[in-house]
Amino acid sequence: MKTITKIIRTVSFYPAVILFFAAQSQAWAHAFLDHADPKVGSTVTTQPTEIKLWFTQNLEPAFSSFVVKDARGKEVDKKDAHLDASNNSLLIVSVPPLPNGTYTVTWHVTSVDTHRTQGHFKFTVKAGGGMGGMGNMQGMNMGGAESTKGPASTLKSYSASGVVEKLTPDRHTATINTDKIPDYMEAMTMDYPVPNTNELDGISAGDKISFTLVVSNDTDWIQGVHRTGHSNAGMTNSMPMQMNMSHGATMTELNDGDLLPNGALTSEDGREIHFSDFRGEALAFTFFYTRCPLPNYCPLMNRNFAAARKLIVSKPDAPTNWEFLSISFDPDSDTPQTLAAYGGYYRDGDPHHWLFASAPTNTLAVLAPALDLMVIREGASISHNLRTVVLDPQGRIFRQFDGNQWTPNQLANAVTQAARL
Amino acid sequence: MKNYRKKFAVLKNGSSWLAASGAVVTAVGMIPNSASAHGFEGDYFFPPTITIDDPFAVDEFPFPTVSWFKSAGVSTTDIGFEFDKEIFPKFALSFAGDYLFQKPDGEPAVSGWDDFVTGAKYQLWENPEHQAIVSAGALWKIGGSGSSVVGADSANVFTPTVYYGKAFGDLPDALNYVKPLAITGTMGVDLPTSAEPNNIEWGFAVQYSLLYLQEQVKDIGLPAPFKTMIPLVEFSMTSPFNRGGGQTTGTINPGILYENPYYQIGAEAMIPVNSATGPHVGFIFQFELFIDDVFPKVFGHPVFFGGRSANAGAP
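First to last, the sequence lines map onto chains S and E. Each residue of the first sequence is one higher than the one before, starting from 825 at the first, in my numbering. Each residue of the second sequence is one higher than the one before, starting from 1081 at the first, in my numbering.
Warning: the hint list may mix true and false statements.
Stated by the list, open to error - Which stretches of chain S does chain E cover? Using the computed rule of at least three CB atoms under 8 Å from a CB of chain E, they are:
no., stretch
1, 860–871
2, 937–950
What the hints assert, rightly or not - No farther apart than 25 Å at their CA atoms in a straight line, the calculated lysine-lysine pairs in the PhoX-like style are these:
no., chain 1, residue 1, chain 2, residue 2
3, E, 1165, E, 1246
4, E, 1298, S, 893
5, E, 1246, E, 1307
6, S, 902, S, 990
7, E, 1307, S, 876
8, S, 990, S, 1004
9, S, 950, S, 902
10, E, 1165, E, 1377
11, S, 876, S, 863
12, S, 876, S, 893
13, S, 946, E, 1246
14, S, 946, S, 898
15, S, 863, E, 1165
16, E, 1170, S, 946
17, S, 1134, S, 903
18, S, 1032, S, 1004
19, S, 990, S, 946
20, E, 1150, E, 1183
21, S, 950, E, 1298
22, S, 863, S, 1134
23, E, 1377, S, 876
24, E, 1298, S, 946
25, S, 863, E, 1307
26, E, 1298, S, 898
Just so you know, the hints here were simulated from the structure itself, not pulled from any lab data. By construction, the Cβ of each residue, glycine as well, lies at the ideal position given by its N, Cα and C atoms.
The whole structure should be built from the sequences, with the hints applied where relevant.
Here it is in structure tokens:
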């Protein structure tokens, strides 16, 4: 019986030993997928802009990644897989608008104790296109953010036409000098995502096309592209006011470390403010205008700002000397009152660290060549590119982001780093 | 690593219940032993099953494995341990023991160590894409290392064994809900150094991984702890084929495994397949610490020609 007692004592002691060692190694063990967004094996009716994977353990960023491929095995993600800034067990990758179909997510991760695991799953996009002609987006545009009633109300399609100005080498983006779309937007030149590049077979720069513009809550793309002719006119037919020209003085594009020229802006409360007012803080600013209808453009910039602000605030050791500034290049339409209302929507009740303002023409004339910012007014419409800049507390350029491919995580990291300089 | 094997829960020293029939020796007290291994093949995590050894040669330490089973005339409680260590990549050695508490009907209780078992296993062939693996190994029941009062004898028994595992995550999407299914199994031949019968030790485990279902097939919204459970049925059989060994005996063990990042808990019923095995349903419980997760610097990689074991792991 002594032996029995000894064994029972040993067995009783064992769980305590296990708990002790488990407590010493909270971050260890293999990483398994806990859940994902979109859900594993699910069918989604709205376009995802990001794929998120939550794992059971913290991950090694250098050895953890995943890809999203379409049914033909072609990678469709934006190749920016990264760990969330505030959650080292959350992997995120951005995706362009995904045509209806089934996609495979394949992940390989390494937990912080070097255990490797892998897996894959599928999800299906069934966004229910072809709902054309509905909707009337007037006034300021929140990127469809006001439309949250459900899948049937999240997609709108518009018949459109225009002239192809250029195609990216991968043909996933088409720059189209778009004719006015009644009840939706003025004529303007815009870059449009093209999820299915087969749509562009036989299409080249200069071709006149008809197409369907599909707009969801947070993205847009074109489909149903048909060649209708060829334009012999110049690619951008009229640029009555192109803002990337400097006024006389030679101004070249600035690089990281260069001091940003000061300029006056009109803030949403009507005050005149200057970039120099933000000295001592890291400043992230981007450009937009409230009437911009396409979710992947101006609204995306502000959605990303909202997400990045949230990321920074959520960090326990985050700096406090930083500010976001959204600058409209449409001061005639974007009055302080309009900006305040627009900004209030994106700030969601929290005014801290984020200001909206508009830039007068003379300020834009200085900023445009310095930042390679292109702003073209064509009547009531504005064609533009996207530039987002992070300044360090001394007002020097710390990081610049082109277009709409950057992520909130990248911006949050850049601002955090800049604030600590 | 230690394969399931028949434990001759016999009392050889003056036990009248045993003397009644020599033939019963091969049938009574068949207690599935602690047996486990765990690993990955491709995307699939094969859990360490309780009764049937799985095909992975990795570090592990199931302890304790507690079982209770009543065969004809004797009830046996078994507390077992096992330790496996990967020595070279894909090659592991094991050592296991069981402390037995036996209570024959009408006789006083006895207790003692059964013969210890050591073994070796090598992963011969793997196909990660199709989640398949075949291994080979051998077990050595060390004769005379246990206590004779609980039936441990002086005969050595060598058991060359083949192990296999196949999961079905490679099935077409039309069979989505079959993908979490897997089967592992073993087959070995007892080669005793005494006149005991030769047995074919065979068994298999059919398992359905809710973990794999949730993670890689379809998130059906299972909450914890169910989403990391693995229902399974293990079949553990011994078929003597000479020397008057008698008929096949064994148990069918339905049960469930719960997976945690650091350990696994499993429990199964043990249903005798026939009256020669026993009259009552027994049970078996096992706790296994994933030592490669709790002590990653020490375990989870071979002693020689190291690097993280390609298969070692647990959720």
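Pairwise hint evaluation, residue 946 (chain S) against residue 990 (chain S), where the allowed Cα distance is 25 Å at most: 34 Å, violated
Given hint residue 1246 (chain E) paired with residue 1165 (chain E) - CA-CA distance at most 25 Å: Given that 25 Å is the threshold and the Cα spacing comes to 23 Å, the pair holds.
Claimed coverage, the stretch 937–950 of chain S by chain E - three or more beta carbons nearer than 8 Å: holds (count 10)
Restraint status (C-alpha distance of residue 1246 (chain E) to residue 1307 (chain E) at most 25 Å): 21 Å, holds
Given pair status - residue 898 (chain S), residue 946 (chain S), alpha carbons within 25 Å: 14 Å, holds
Residues of the stretch 860–871 of chain S with Cβ under 8 Å from chain E, three needed, outcome: holds (count 5)
Pair hint outcome, residue 950 (chain S) versus residue 1298 (chain E) [Cα-Cα no greater than 25 Å]: 17 Å, holds
Holds or violated: residue 1032 (chain S) to residue 1004 (chain S), with C-alpha atoms at most 25 Å apart: 14 Å, holds
Proposed proximity, residue 893 (chain S) with residue 1298 (chain E) (alpha carbon, max 25 Å): 18 Å, holds
Pair hint outcome, residue 902 (chain S) versus residue 990 (chain S) [Cα-Cα no greater than 25 Å]: 20 Å, holds
Pairwise hint evaluation, residue 946 (chain S) against residue 1298 (chain E), where the allowed Cα distance is 25 Å at most: Since the Cα atoms of residue 1298 (chain E) and residue 946 (chain S) sit roughly 8 Å apart, the hinted pair holds (cutoff 25 Å).
Hinted pair residue 990 (chain S) and residue 1004 (chain S), Cα distance within 25 Å: Since the Cα atoms of residue 990 (chain S) and residue 1004 (chain S) sit roughly 19 Å apart, the hinted pair holds (cutoff 25 Å).
Of the numbered hints given earlier, the model fails hints 15, 16, 19 and 23; all others are met.
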